[in-house]
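> Chain by chain, the residues:
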Amino acid sequence: MSAGITRPVTSAESVGWRIDDIGPDEMILSMGPQHPSTHGVLRIELITDGELVREARPHIGYLHRCFEKHCENVDYPGVIPYTDRLDYVASMGNSLGYALAVEKLLAIEPSPYVQTIRVIMAELQRIASHCVAVGTYGMDLGAFTPFLHLLRDREKILDVFEWTCGARLLYNYNWIGGLSHDVPDGFVRACREIVAEFDKVTWPELVNLLIGNRIFIERTAKVGVVSRELAISYDLTGPNLRGSGVAYDLRKAEPYCGYENYEFAVPVGEGRHGPLGSCFDRNWVRVVEMKESARIISQALDRLEKLEKTDVREKVPKRAKPAKGEVFARSEAPRGNLGYYVVADGTAVNPYRVKVKSPCFTAMSAFHHVARGVMIADIIALIGSFDVVLGEIDR
Amino acid sequence: MDALLRLFSLIPGWDQNVPAWASVTLAGLVAAGLCLGFMSLGPVGYVYVERKIAGFMQDRLGPMRVGPWGLLQTIADTIKLLFKEAIFPAAVHKVMFVVAPCLVVTGAFMGFAVLPFSPTWQAADLDVGAFYVIAIGSLSTVGLIMAGWASNNKYALFGAMRSAAQIVSYEIPAVMSLIVVVMIAGSLSLQAIVGEQAGGLHNWFLWKFFPLNVIAFLVFFTATLAECNRTPFDIPEAESELVAGFHTEYSGFFFAMFFLAEYTEMFVASAMAAVLFLGGFAAPIPALQTVGGFDIGPVWLIAKAWALVFVHMWLRWTLPRLRVDQLMHVAWKVLLPISLFLIVVVGGLLTWPATANGFPWDRWVGWLLSALLFVYLATTAARAWRWHARQVREAVA
Chain A
1 MSAGITRPVT SAESVGWRID DIGPDEMILS MGPQHPSTHG VLRIELITDG
51 ELVREARPHI GYLHRCFEKH CENVDYPGVI PYTDRLDYVA SMGNSLGYAL
101 AVEKLLAIEP SPYVQTIRVI MAELQRIASH CVAVGTYGMD LGAFTPFLHL
151 LRDREKILDV FEWTCGARLL YNYNWIGGLS HDVPDGFVRA CREIVAEFDK
201 VTWPELVNLL IGNRIFIERT AKVGVVSREL AISYDLTGPN LRGSGVAYDL
251 RKAEPYCGYE NYEFAVPVGE GRHGPLGSCF DRNWVRVVEM KESARIISQA
301 LDRLEKLEKT DVREKVPKRA KPAKGEVFAR SEAPRGNLGY YVVADGTAVN
351 PYRVKVKSPC FTAMSAFHHV ARGVMIADII ALIGSFDVVL GEIDR
Chain B
1 MDALLRLFSL IPGWDQNVPA WASVTLAGLV AAGLCLGFMS LGPVGYVYVE
51 RKIAGFMQDR LGPMRVGPWG LLQTIADTIK LLFKEAIFPA AVHKVMFVVA
101 PCLVVTGAFM GFAVLPFSPT WQAADLDVGA FYVIAIGSLS TVGLIMAGWA
151 SNNKYALFGA MRSAAQIVSY EIPAVMSLIV VVMIAGSLSL QAIVGEQAGG
201 LHNWFLWKFF PLNVIAFLVF FTATLAECNR TPFDIPEAES ELVAGFHTEY
251 SGFFFAMFFL AEYTEMFVAS AMAAVLFLGG FAAPIPALQT VGGFDIGPVW
301 LIAKAWALVF VHMWLRWTLP RLRVDQLMHV AWKVLLPISL FLIVVVGGLL
351 TWPATANGFP WDRWVGWLLS ALLFVYLATT AARAWRWHAR QVREAVA
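Protein chains in written order, with my numbering: chain A, 1 to 395; chain B, 1 to 397.
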């Protein structure tokens, strides 16, 4: 191959690039799975010409744990601890989606009290998850301090989770038809303190230190542009989709757990410092979403105080054995639409099939498209802006 | 060395019995030993201070377990690094792999030779001291490229190439702003440069031709910051991109040498900035130059250098990292034009006849150009600040 002539690499070559795939000045760079900023065990194969990246191909599967096969061998409630391990940064959202699916299958409607707690937990989890996402994103770009500030505030949320259900990372909290534990006394006050501090201290500090920083903006604003069309065609969801300017949020579009009762905005990317759908926009959506989550939590806490307390395990079935049928339920997890497709054969206490539709997987599938022609440092900025969690991609 | 030679001659019969070459050699060795000791022990302090500063900025304590307030943490770390196995991956070029960290450390260490700690405490008062520091500073580039190449690792190679490009680029604005000082002092000797600034705060070159030299100082500081590979210019070892850059494959003592070199370079660069612009060992108030009859020049130099080292650390724990092209942009399109402009204006101010035809042209032209540059930079800074404030305000709204 002569210099300067590049041929597109076909998707059929799935094993890896070989020496005749690259030009004379090019090099194959394997980034990951042991790399500090591939957010887990992702491997990206790059064809680079100096600092420029011609092609990038992600390789996934290093964290494959046979989640879906496991689900077929445990009973319906037994799946919930496994769902926690999908997106381990936001476990509350995972179990919520699964619980919603099985409740649909069993035709159980949890009490408003339970639903309100679920909303509070999901939104607290969203803040905690976005704290990690935005913090590690800053770290990817070399700013270490915002990460630790955000992790400090995430700790407070985890403390509340631990107080409620005894776990800090993998909660097993959203049960089918209910919750594992009721919230403790003083929960509302603790949450209000977290929200107040988040609004007053953490958020302005984050914007001042990281988001408004000139270097941060220069590094992210014109990089990794995902157009509206591309985002929709690759089925990006959550903040990745909204970063491209599409105001689609399942909490508004198909409300569940009583989200229709809360007043909140759906932040979208504005293309503030460059083209719409850049890394900055995706990150910005997460930052604003944290604030909206804080708003929802405040409203939900007000609601919780007025609601009559019910036993949170009241509707949890003693033995979940749904009739033959199949169901698909999805919810807005911090990283996007997390869908569960559950098939029951009507004879067994374990699911016949569980299939997860993962938001990070679709985000990763658009990655190679955006990663063409950027620089190596931008690859890192790009992975961080999609905010993928490999536990959910590989399952 | 002068101080040491004088010390030797205090010994009865030394001058009669010891040949001159022997006492000079001995003094040189002792001076080198002192510098080496200072260089090796310094990082123990810097690392501790840096970790404490980082802890303070990140709302945590930093090292607390080893010794009171974690004071012995760095010593424990050093011992650990010394006793760790130095791993040689199978495919490295063994000779270059070993020579590279030695070269880097040597390059950083040799800068000490001309640092004037007091009129007499200086290992060698070269006539071309300022030039020597810049020249020796580039030696470490060779070591970094060797390390990157010998490691036989693509990340290390990337780090080495980045570092070469970066140091070569940033040396130019550093030298250009150094020339400004050299022109004012009329000498490349660091003793002479400090001598010109003696007699108090107001004599520092920082204030000469205000605000021109303040700008020169900022250019020099930024450029040396980049030469030390510190954030926001730490792309050669960018952790999140290149794992550890040129020292990815190094472990144990060889890794410690890179670490040592980084902190030494940081000190030398800060001390150079102090010598060139902040009066070096000259006290800000002449009365404080001696305490009880002893010249405390070294204390002043080290204090000034450490103050600048603190700024290095402050920046490191605040700012994100630039990308390669942005880094080059800063060097070639921002710092270099400014420093060239400074050379022209300061040179003009210095060479212009003080009064031509009875009119003080130098003052008028100089002040006019200075005022223009100052207004330009001040408005730029104000615009940048307003811009940041607007970002924050809009975001909060």
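One or more of the hints may lead you astray.
Computed list of lysine-lysine pairs in DSS-like fashion (alpha-carbon distance at most 27 Å, straight line) [as the list claims (entries may be wrong)]: (1) B:K94 to B:K154; (2) A:K222 to B:K333; (3) A:K69 to A:K222; (4) A:K156 to B:K94.
Honestly, the hints are just simulated from the structure, not real lab data.
> All hints, please: hold or fail.
Verification of the hints:
1. B:K94 to B:K154: 17 Å, holds
2. A:K222 to B:K333: 20 Å, holds
3. A:K69 to A:K222: Measuring from Cα to Cα gives roughly 42 Å; hence the hint is violated.
4. A:K156 to B:K94: 50 Å, violated
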